[in-house]
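Please construct the entire structure, taking both the sequences and the accompanying hints into account.
Last residue of the sequence shown: 643 in our numbering, with the numbers rising by one and none dropped.
Watch out, some of these pointers could steer you wrong.
Stated by the list, open to error - In silico lysine to aspartate or glutamate, EDC-like type, Cα no more than 20 Å apart, as pairs:
| hint | residue 1 | residue 2 |
| --- | --- | --- |
| 1 | Lys145 | Glu636 |
| 2 | Lys485 | Glu450 |
| 3 | Lys391 | Asp301 |
| 4 | Lys618 | Glu83 |
| 5 | Lys618 | Glu599 |
| 6 | Lys600 | Glu584 |
| 7 | Lys260 | Asp301 |
| 8 | Lys145 | Glu72 |
| 9 | Lys119 | Asp108 |
| 10 | Lys481 | Asp240 |
Claimed, not checked - Computed beta-carbon distance windows for the label pairs:
| hint | residue 1 | residue 2 | range |
| --- | --- | --- | --- |
| 11 | His64 | Ala271 | 31 to 39 Å |
| 12 | Gln621 | Leu489 | 28 to 36 Å |
| 13 | Val249 | Tyr209 | 19 to 27 Å |
| 14 | Phe11 | Gln397 | 29 to 37 Å |
| 15 | Gln116 | Ser8 | 51 to 59 Å |
Hint data in this document are derived by calculation from the structure and do not stem from the laboratory. Here a beta-carbon is modelled for each residue, glycine too, at the ideal position from N, C-alpha and C.
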Amino acid sequence: MITVNNLSIHFTGTNLFDKVSFVVGNNDRIGLVGKNGAGKTTLLNILAGRLQPETGTIVITSGHKVGYLAQEMQINTDKTVWEEALSAFTEIRNLEKQIASINRQIADTVDFDSPQYAKLLQSLADLNHQYTYLEANNIEAETEKVLLGLGFQKTDFERNLNEFSSGWQMRVELAKILLGKTEIILLDEPTNHLDILSIQWLEFFLQSYSGTVILVSHDRMFLDKVCKRTIEITLGSIFDYNCNYSEYVNRRLERIEHQKSIFENQQKEIANIEKFIERFRYKASKAKQVQSRIKLLEKIDAVEVDDMDTSHIHFLFAPAPALDRVVFEAENLCKTYQVKPVLQHLNFVVQRKEKIAFVGRNGEGKTTLIRMLQQELEPTSGKLTIGSMVKTGYYAQNQNTLLNPQKTVFETIDDIATGDMRLKVRAILGSFLFDNDDIGKKVSVLSGGEKARLALAKLLLHPYNVLILDEPTNHLDMQSKDVLKNALLRYDGTLIIVSHDRDFLQGLTDKVFEFQNGTVKEYLGDIGYYLEKRNLYSLQSLDIKTSKTTPTHDEINNKKLSWEEQKQKEKQVRKLEKQIEKQEEIIHNLEQVIEQLNEKLSDTEHYQQEIASGELYKQYQISQTELQLAMKIWEELSMQLEL
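Structure representation (structure tokens):
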């Protein structure tokens, strides 16, 4: 599908890529990795045709369309969300215009026996066949499905896109790419603007997508779920691993150890040769051997060991001061903006040393509740009690923008440090990778990652018994996220955290608050338990609404059911459980079939004839369709069981 041959490009005299070659096959799922500045985004731009290499060639199979989501985009349009999303179907719209034009010509024709009339009929038949092949009649249903999956509400569809933040505008751009039926999708940090549920939906979509996906992401779990191949860019070269990200990390360490061994052996060989040259340089009887070894030295290709970036932040939070048993308690708590209810009748208790994750779609009220706990907002009604000994450290979602851009890095910390902490300002900044040259920089010139580290450093200036963190991992690389997670695991106070990074949350919290439809539901366990409990293999299960006339599980339990009614209910539950078990077996078998077909499609050496005939592709498409149908049936049965 894509062939890259001897690709080279240079920036500021440095080889970003030097004679790089690789092949991308149909249905490949590739994660591009490498340290910042290695060239991941540059490679995506080259594959998308937005940047030309200095040497080398890139060949993409004729007729294959490429969809590219850049990390940052400027979007300005007068269209609504719905209109902008539908603009993805340019091919279908052009077909509709052509069909309408031919229909008008046919209507104006009077000579039904002419060759022109027959030609028009044939053209119309061809266009209608293509129209049907593109499933044009389903575009509105598909558009609604994708927009809902990415977190939009139906009430958002007719709103002007310019009313939304840049993050939500990026979601529409992503929706257009997913709807465009492109054979190749290039994604640069696609999860940056998505909540945890939308990320899961995107994972499910990409896993069942029938084209090729190449992406850059700092979300370890997202890479593991979506990508089965990892390409590392380092030192102007690439290393291709036929595995997911976690396995790649292990293999990379093995490769570097091997490189070090070869490098050390080469250095010993060079030292011995140089020693011989130096010893016999001035002896005429050894002149021939000396010249021979000099030429040998010149021919040796120096082995390079990958530059592992070992610099990372390192810190621990101060021990938490004493705290009341009850930290926060909400009784019938409500919050309304203008006439729109955001949170309704919340009742919960947060106790000392609990670690709680807030999850849910964007706009469901997570940040609103955090701001009430932080006493930045007043509840509309109800009661919120805050413990008398609470000392809160707060990291806001927009913390980067709250920093004073005119202050230097040092002033940002020094101005709020008190007592002995003023003597430790430089040490604190050093632990967050700000050296002596950096501390004099103004905040306005810092990168997003540097601002995030500076905001985290502020939390070390005072001992807190409650930490409230709203999306603290935004702009942090994987290594920094790991350090932050380890610090939070060792923190002995109360923690409330909002994050869309499941790998970061895994094992970090002991309770989950799910925000949905203005309410909060508690789950006792970490994020893994919550996702398993909610059966979120796809987000379609979240969009199925319970009918108002259908009694809920709690309402049924509150009624005094007769013995006969209870027996009938138990019989129905057993029947549903058997149906679900059977459906799970079907899904498992189909997934195995698809995995085997993927292996065959990737093995062109042994299955060249079957691939060329298209038989394997046909089997793959049929299996994918059957899997989607089986998943839908399983979801419906699971929802019936929950009622």
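Hint by hint, here is what the structure shows:
no.	hint	in the structure
1	Lys145 with Glu636	holds, 16 Å
2	Lys485 with Glu450	holds, 18 Å
3	Lys391 with Asp301	violated, 60 Å
4	Lys618 with Glu83	violated, 33 Å
5	Lys618 with Glu599	holds, 15 Å
6	Lys600 with Glu584	violated, 25 Å
7	Lys260 with Asp301	holds, 15 Å
8	Lys145 with Glu72	violated, 25 Å
9	Lys119 with Asp108	holds, 14 Å
10	Lys481 with Asp240	violated, 25 Å
11	His64 with Ala271: 31 to 39 Å	violated, 52 Å
12	Gln621 with Leu489: 28 to 36 Å	violated, 45 Å
13	Val249 with Tyr209: 19 to 27 Å	holds, 25 Å
14	Phe11 with Gln397: 29 to 37 Å	holds, 33 Å
15	Gln116 with Ser8: 51 to 59 Å	holds, 54 Å
Hints 3, 4, 6, 8, 10, 11, 12 from the earlier list are contradicted by this structure; the remaining hints agree with it.
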